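Trainee: Read off the chains here:
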Amino acid sequence: MQTIIKLTLTNAWRSRHLQIFAGILLLAFIVSAINSVLVLKAKEQQFETARQEVRQAWLNQGPQNPHNAAHYGHYVFKPVYGVQALDNGIGQFAGAIIRLEAHAQNEPKFSPAESRTDSSRFGEISFSWLLQVLMPLFIILLCFNAVSADKEQENLKLVAAQGISNRQYISGKITANFLVITALACAGLVTQWTVIKLMANATATPQDVLHSTIWFAVYLVYFLILTTLSVCTSAWAGNSKNSLLLQVAAWVLFIIVMPKLTANIGTQIYPMQQRTAFERAFRIDEEKGINGHDSQSERYKKFEDSLLKKYKADSISELPVNVDGLAMDAGENYGNRVYDKHFAKIRTAIKQQNSISKYASLINPFLAVRNLSTGLSQSDYQHQLKFVADAEQYRRYLINNLNTKMAYGGSKTGDWDWQVDSKYWETVKDFDYSRPSLLWSVKNYWYEAGMLLLWTVFAGLLFVFTAKKLKLI
Amino acid sequence: MPVLQALQLGKQYGGTAALSNLNLSIEKGEIFCLLGQNGAGKTTSINLFLGFTNATSGEAKINDVTVQPNDVATKKFVAYIPEVVQLYGNLDGIENLDFFSRLAGFKYSKESLRGFLSKAGLQSEAHQKRLSTYSKGMRQKVGIAIAIAKNADVILMDEPTSGLDPKATAEFTKICKELAADGKTIFMATHDIFNAVNVGTKIGIMRHGELVHTLNTRDITAGELQKLYLETI
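One line per chain: the protein sequences are A and L, in this order.
Straight run, no breaks: the first sequence in the numbering used here ends on number 479.
Straight run, no breaks: the second sequence in the numbering used here ends on number 235.
Calculated directly from the structure, the hints in this document are not laboratory data.
Please read all numbers here as calculations on a predicted model, not as lab measurements.
Treat the hints with care, as some may be off.
Here are the simulated SDA-like cross-link-like pairs (lysine to any residue), alpha carbons at most 25 Å apart as the crow flies [what the hints assert, rightly or not]:
id: 1; chain 1: A; residue 1: K347; chain 2: A; residue 2: E292
id: 2; chain 1: L; residue 1: K169; chain 2: L; residue 2: R209
id: 3; chain 1: A; residue 1: K474; chain 2: L; residue 2: Q228
id: 4; chain 1: L; residue 1: K138; chain 2: A; residue 2: I479
id: 5; chain 1: A; residue 1: K12; chain 2: L; residue 2: Q228
id: 6; chain 1: A; residue 1: K475; chain 2: L; residue 2: T55
Just chain L, with the same shape it has in the complex (with noise of 0.2 Å):
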């Protein structure tokens, strides 16, 4: 059984088509890199297996339940790491995660949070600080551990490594494959065709509102994803 997955899913803004006729569906321990322009539907993509949105026609489904907005369903299966991973500057790392995972449910010793927060990379110094302090790196970070705390089958990020310098981006590739290799799965939007060939199992190529090319990373180099990225688009 796919975790994600998405049947005719469209979605109209005022008559214009956002995402049409969407088919995907992804299995345990995948990550799906999705590739596009801006405004090609990416996020709405995600805006849509979150439920923060409506479909106009067909459905997204996670662990075969459909999502429903308002409805908080589905939020248990999946985890989110949005592009600006902003949080909470007037609490510390520790405290955001604490208020993120209460939100979800879940109540974690200090010691676990703790573990979270270096399970996603962040230096123990960093952990009792202020997010305002943070860089936008270490808050991502942050991001992570809420994501991994939540215990989701499924993440969704948002084009998680824009902005992130490449000792981050590595840092990062190297946790979402642990995070694979788990058995999570990860549905990723991004702009960064090297990292998605790197970290992604497959890759789709989006163009105004519909997925044009699914591809296995295995079968593909990232010269070549370039050039069939930028042919399609």
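Next comes chain A alone, as it looks inside the complex (with noise of 0.2 Å):
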């Protein structure tokens, strides 16, 4: 076998196409590695700066009334993780800037694709593409020809007489192109890693090399997979130029064509509610309710009996709370729920769409390790929901934190001049966003994750069946 991996190894780095196609693919890696460290970098530090921006002018807003504060908002931004620069995900088209202010959930916005007119015009090169989609094509041109030029040359005869066993004969040809494949993504990720390490300091924490190890080595089962698949394909066509032929004609198919295909069909099964329908359903729901503004409304006198009732007096101005501020908490309350229904509508139908990628991973290994990639990168859609989620939370409690000042810090109801004095503020804490950890990455991913080991049984049993049934005449 040893024998035979040499021989494919010399074959490989004396042949002139494949050493033109190594070289632009080294290029790309060095293009992609810049781009990608050049967007991360400008995020990083524009977000660093805005965020302590923000939370200075929080802090220093002097004496000021908690409302006011609440309406003028606060904003809170996305993290920058430095395993993104392996995958961006859908980090080119989702926000990753929240402003958080009363009443209202405001949805993420200031995504690149916003901002950066040039990228999302010209698409990116991004690492995980390169891997994803060009590595593929570049092991068909490795692999197409294995062991059908040998056929063709007559050469598999002399191997086979010289007393090597199929089984050793091919196993030595997989295995010397995935040596070859290896050397390339290797080479890719060396310099992915040398332009961080240049270009920006401090962006890879353990985590961040934690998540690009387990990352990497799933592109590489990926790679093992496909040139098993390459190479039992060369055994079994006819010759090279069918074994071509059909292997391109899959990679259009699964690479190119079916995640388009299956990103369609998604939308068409669970279709997604029209923004000016969302709006609509959601403006009714919301008017039912009472926001802290308007006394008229039906539900905002039950409420004010209900205080009276509680603390057993006659009129509001007896009252020792400012109604104004509870008032707008309970409205903030009711928002919520208002919110959480028609928000659930939304992701139960993105994640439904998902899905339907999900399960096609099951024939085809790309999809999953697609998503893997992205889950392992954090820069899925889970991971955005999860900030979100988290945004929201912290609104809640930002806001809730200003009524109940405004309710119970001394003020009268009406009084909507009453000023908190400045020292308040420090009392807020800031949002801190927690990362999630590496089981939360990956947990939303198990079934590619099986999929994966599925296709990697499949071509070790594809291998033993070829090594069984090869043909030498």
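With the hints in hand, could you dock these two chains into one complex?
Mentor: Quick look at the structure:
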């Protein structure tokens, strides 16, 4: 087997067209590394500066009415992680900044696609794209004639006559080509690391290293599967030309067409509500509630009555609390229920749409790897959801804190000019986003991980079967 | 004991017999030349001895060991020179020889490898040139060197002189005779009647998968053989 490996490596090393393709790939690695690091670094620096400015503005706003502060609002920023330099996932389109304010849950805004028209027009070369899409093409170019060329040039018979078994021969071919691919992928990873080290200083935390390692291992498994499939196809195909045509066709189908197709099927089967319809339904529910500013509604009257009963008072002015604060808090609670109900529908629709590509990874390992890859690099939809949920939780904490201050801080009902002193602001905690763990990131993708394992087993069986059935003449 | 033996050997492809009831016995040091038209069963016989395909009836034996497909037991006794010796164009002569020798389990020094190539008649300037620059005759010589380096008892050759120029054929014939003198057994399928008489010790003529005549070359001239061959087919 070692002899076969050595021969295949020498042949690949000396092949002109592979040299050219590998050169292009290496160049693309460098471009993608610079590109992704630039994007992340810009985000990271801008966000960190802005985050500090926002907090300073909050702390230094001086004496102020709490509800004014609530309307002025606050901003939270989705943190940037080093591992996202490997796979930016939905980062291009997902908003990373949320404005938090009273009465409303805002959507995340300011995705790179919104602010950087150049990249959204031309698309970006990312490391994950190179590994997911371009590397399989390279594997095909490397392996499509692994066995068929030996057949065509009668070398296979000579090799077999020397007393080497089919199994040794094919496993040697697979191993050697896999080594070539691994070496190239490692070169890409080293490029990525080097550029990160040179251009950004402290982006790689131990957790980033852990995520990156597993991330890379997933890709190596993917390459092993593809190499095995390619070499075995070469053994079954009548000749090299057929083998190449078949494999390129499979590449187009599984890697180019199917991902788009699953996305389209997803949106067809599970259509998302139109934005206008969503907003209309939302308004209808919202208007039934109270918001603390409108004292005419039926719910508001009920709310007042319950307060008078609770404090055993006859009129609002007798109450020891500021009813506006309490009413706004009740309004928040009601509004939150409306938001939760309507956003849950949207999220369910997105999850259902995504589930098509998830289940399609049974017949397409590319989809399994793509989904796992964004999960491990924490640039997936699940992570966006977690950020939005955490930000919303913080908004509720923040607004509740302000309303409570308004209600019990010593102000009278109807006194909207009342101010808290400037020391109060420090008692409100800053938004501290806790980064999800590795296990959290993986647990949404057990299915995909299982499918990748299944594909590995399938590739192994195909190898055994091919070695058994390989026809020499 | 015969080195190469076929006992009622037969091979069918989808109902048609490519080879039927072949009985052969070839001794050490003999050169057996198999004549016959394309499709007469020459290559099938060689493939059966190599275990590249399974026999539908009878058995092929080398050194009294029955040949089984996907079994490497008899492989060490045989060397093989295919009709087209293509080898690996990106490797030079020495590297090709080294690769195939290692497959057979031999690790030779560079000097020994050069020795085999020279013995096969390849001029030493060519040893370190890539095979893609070689002529057919030169590649054939590397093929012969591979067979010599394997040090096998039997060398099976499938139309080894097709496409060779007369000088290369003459050199090839000379090498075959030397190998036979060293005690090797050669079994060769060929279309070249003149060369068969020249190099062979025995000649067989095949037709429609059957061995029709077997004769000793010392009993026959090239002209007589040609006449017999044309009458047979």
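Trainee: Going through the earlier hints one by one, which of them does the structure break, listed in rising order?
Mentor: 2, 3, 5
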